[in-house]
Amino acid sequence: MIRPCRALRFAGALALWGVLPAPRLAAQAGSPDAALVYRQFAARVVKIQSIEKRSGAKSAIGSGFFVSPDGHVVTNYHVVNELVNLPERYRAELVDGAEQVRAVEVVALDVVHDLAVLQVAPAGDPWFALAPIRPDRGTRLYSMGHPHDLGLSIVEGTFNGLLEHTLYPKIHFTGSLNPGMSGGPAVTAAGEVVGVNVSTAGDQVSFLVPVERVIALVDEARRPGYTRPDSLLQTVGEQLLRYQDEYLARLFADSTRTVTLGGYQVPTEPAPFFKCWGDASHSRAQPYEAIEHQCSTDDYVFISGEQWSGVLTLRHTVLSTRELNRHRFYALLTEQFAGDGFEFQSREVVTAPRCATGNVAHGALTLKTVYCTRRYRKLPGLYDVFFKAATLGDPSSGLITTLTLSGVTFENARRVVERFLGSLGRAAAADVAGTP
Amino acid sequence: MIVEVLDRRAGVRQRVPLRAYPASIGRGYDNDVILDDRYADARHARIEWDGHGGLVLIDQGSVNGLLDPMTGQRSWQVPVRAGLEVRIGRTVLRFVDPATTLEPALRLETGPDAGGAEARPVRAVAVIAGTGVLLALNTWLGKTDRVRLSGLMGDALVALLMVMVWAGAWALVNRITQHRFRFLEHMYIPCVVLAGFLLATGGEEWLSFLVPNGVGWGTLAGILVLALATWGLAAHLARVATISRPAQWLWSLGIIGALSGVAYLSADGDRPDFGGASGNTPLKPLTARLIPTTTPAAFLTRVDGLKGEVDELGEAPEEEGEAEEE
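Chains X and E, in that order, are what the protein sequence lines are. By numbering that gives the first Met the number 0, the letter at position 202 of the first sequence is numbered 201, and the numbering carries on one by one without gaps. By numbering that gives the first Met the number 0, the letter at position 81 of the second sequence is numbered 80, and the numbering carries on one by one without gaps.
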């Protein structure tokens with residue numbers, strides 16, 4: 000499970016990350032390049048801190064870098080998300096290499112790619128000129144930032160290409176990124192920005208936002224006549240709406256791919272950016288067998304510390320028994336069916352869920368169907384949806400299937416569920432025979 | 000005037016009608032009201048006419064005097080009226096007017112409730128055993144892992160043991176108030192309630208399986224169970240206390256109402272399932288043919304209705320939306 004390289008939260012975050020093993024690549028540092036890169040470019044990298052107005056203390060820190068002679072600074076959206084979500088409670092400031100503190104303002108953001116452009120006055124700091132670049136796999140990169148607020152650091156690592164099976168491009172950076180480095184640049188030895196530090200999966204597996212996305216956002220912010228949106232949160236909402244329209248259109252796009260699972264035909268791999276896994280279990284301790292198949296995306300969109308979106312998962316479980324009588328088997332199905340639901344999110348960000356339950360006849364299947372939805376409070380037009388269905392009527396086998404969508408419009412979710420429901424069925428006899 | 004000698008729990012130990020005055024009160028055997036109290040004088044006090052048609056209680060120079068039972072204040076002379084309470088030594092006396100109107104006699108209960116289980120022990124034992132079997136069956140059908148018979152019996156026995164503790168407590172109270180335990184009856188009552196509860200929840204599951212999304216089956220079953228609990232408590236009260244039948248029901252209703260009110264208020268405010276729109280629904284082993292179904296399109300039409308519901312929740316200010324969930 001990929002965890003976001005969230006901006007450093009005090010105490011708790013420090014304790015959590017304190018137990019991480021020391022970065023191995025850094026141990027063999029001492030390459031003259033790193034020292035050179037640091038000397039040449041350190042002044043272009045800054046620390047960004049989010050300040051809670053009433054306490055006057057920092058609530059989160061991250062990194063950023065200058066990208067224009069006019070005082071534009073790039074960082075991650077998640078570093079400054081508090082300013083976007085609660086502008087009345089937070090402000091941001093920038094600490095440069097000379098320990099000078101300056102106020103900054105968010106002027107543009109890209110919530111999907113986790114980017115934000117800030118502006119600082121007065122301008123005149125050294126800056127990185129951005130240009131599209133696609134280094135060779137294995138190229139040495141230097142990532143800079145403020146890990147755990149310990150001061151500007153440089154981390155050496157390698158470029159490992161773009162991730163496969165993702166909804167939007169991300170660079171796989173083999174190097175150790177830590178909280179606080181979010182928003183810092185990863186550059187080549189020549190100082191060309193390749194990407195922006197964004198998240199880590201632990202150990203040496205880290206991710207960068209490709210520079211192309213940064214260029215697009217910076218160009219937009221520097222376009223003559225560009226004005227900062229009145230409500231940044233509204234911009235977040237609009238971007239999420241556009242994003243979900245785009246990726247849901249690609250879902251179950253052409254003919255739905257299906258897989259046969261214990262006598263049932265179920266949809267799988269709704270789009271190439273999904274990863275699917277499966278497993279079957281039969282332990283002697285259990286009086287039943289379970290076959291599982293699930294698909295999900297690695298991508299999700301960070302909105303705030305309390306809310307994330309863009310998660311899409313589907314899971315099928317086929318249960319069968321030779322031991323349990325029908326009543327006990329259905330108690331098992333009920334138990335498994337009840338297990339699925341929404342991930343908890345604060346009532347401040349989502350409404351209570353509302354559900355519809357039905358008994359549906361679909362082809363050869365009789366299904367119990369449950370459709371639940373809840374609405375985003377601050378981002379109108381966006382909903383979370385989960386749909387689950389269980390087959391009925393068979394005394395010793397049953398399919399339970401769940402589809403979860405988050406941060407989508409009501410209509411899109413309904414359309415996807417309709418297609419999903421439509422693709423469920425009983426496997427043809429030949430298929431069943433073929434399954435081991 | 001009648002003098003009531005009260006015991007420590009304010010119960011009446013002795014009633015002495017006074018017919019002629021002056022009348023004397025004290026520890027001596029020649030008194031009209033004889034007190035068994037080492038703190039009272041042999042001739043403690045006297046009641047006589049005050050000359051205006053009233054009576055007065057006069058201290059006869061006793062050691063401890065006439066005391067106000069509430070304040071402990073000593074008086075030498077107290078005008079006597081109905082309802083007056085006076086402490087002499089460690090004894091409290093109450094004066095009662097013989098003309099006091101009384102409430103009508105309580106009717107002796109002869110219905111099946113009151114004559115009850117003791118009159119029909121076979122029925123009581125059958126109900127108790129039946130509840131045990133129902134509990135064991137319920138546990139067994141709900142178990143999804145391998146189980147041994149002993150495990151199932153264990154669960155049922157633990158439940159019955161708890162019922163026995165409950166019945167025992169009532170029986171003890173019964174022994175105090177009525178000098179009879181009536182344990183079997185107090186055992187029979189919670190078993191009926193428990194069996195009713197199991198049947199109501201079981202029935203509710205089947206109904207909400209067959210007819211989802213319509214009726215608030217859960218609420219219905221809840222009301223049924225609460226009514227049963229109220230009956231149970233009233234039946235316990237009928238055995239331990241000598242209060243009228245409406246009073247039993249009122250007390251019972253009040254207690255059950257208050258308890259469920261407290262439970263409702265202290266339950267987590269987050270109740271997304273409230274109102275029958277449940278995300279968790281039971282699955283039952285019924286032949287597909289017998290299950291009433293709709294088409295996917297009809298189901299999705301109902302789904303469309305959810306948009307309005309969550310939009311309404313979303314548009315309401317946070318606090319209000321929250322309150323609605325409470």
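One or more of the hints may lead you astray.
Claimed, not checked - Here are some chain X residues pointing at chain E (derived, C-beta under 10 Å):
#1 223
#2 225
#3 228
#4 232
#5 257
#6 258
#7 273
#8 275
#9 286
#10 290
#11 323
#12 337
#13 389
#14 391
#15 393
#16 424
If you're looking for bench data, these hints aren't it; they were derived computationally from the structure. Because the structure is a prediction, the values reported are computed rather than measured. Here a beta-carbon is modelled for each residue, glycine too, at the ideal position from N, C-alpha and C.
Here is what the structure says about each hint:
1. Taking 10 Å as the C-beta cut-off, the interface hint given for residue 223 of chain X is violated, the closest approach to chain E being about 38 Å.
2. Interface restraint check: residue 225 of chain X against chain E, minimum CB-CB distance 31 Å, threshold 10 Å, status violated.
3. Nearest Cβ of chain E to the Cβ of residue 228 of chain X: about 22 Å, over the 10 Å cut. The hint is violated.
4. Taking 10 Å as the C-beta contact cut-off toward chain E, the hint placing residue 232 of chain X at the interface is violated, the least distance being around 15 Å.
5. Annotation: residue 257 of chain X was flagged as interfacial toward chain E, and the flag is violated, the nearest CB pair being 17 Å apart, outside 10 Å.
6. The criterion of a C-beta within 10 Å of any C-beta in chain E is not met by residue 258 of chain X, whose closest approach is roughly 21 Å, and the hint is violated.
7. The interface hint given for residue 273 of chain X is broken, as the beta carbon of that residue sits about 24 Å from the closest beta carbon of chain E, more than 10 Å.
8. A hinted interface residue such as residue 275 of chain X counts as satisfied when its beta carbon comes closer than 10 Å to some beta carbon of chain E; here the least separation is about 24 Å, so the hint is violated.
9. Checking residue 286 of chain X against chain E by beta carbon gives a least distance of about 5 Å; that is within 10 Å, so the hint holds.
10. A cut of 10 Å between beta carbons decides the hint on residue 290 of chain X: the least distance to chain E is about 17 Å, and the hint is violated.
11. Because the closest C-beta pair between residue 323 of chain X and chain E is about 7 Å apart, less than 10 Å, the hint holds.
12. Interface hint status for residue 337 of chain X: upheld, as the beta-carbon distance to the closest one in chain E is roughly 4 Å, under 10 Å.
13. Interface hint status for residue 389 of chain X: upheld, as the beta-carbon distance to the closest one in chain E is roughly 6 Å, under 10 Å.
14. Because the beta carbon of residue 391 of chain X sits about 6 Å from the nearest beta carbon in chain E, less than 10 Å, this interface hint is met.
15. About 8 Å separates the beta-carbon of residue 393 of chain X from the nearest beta-carbon of chain E, less than 10 Å, and the hint is met.
16. For residue 424 of chain X, the interface hint is violated, since its Cβ never comes within 10 Å of a Cβ in chain E; the closest pair sits about 12 Å apart.
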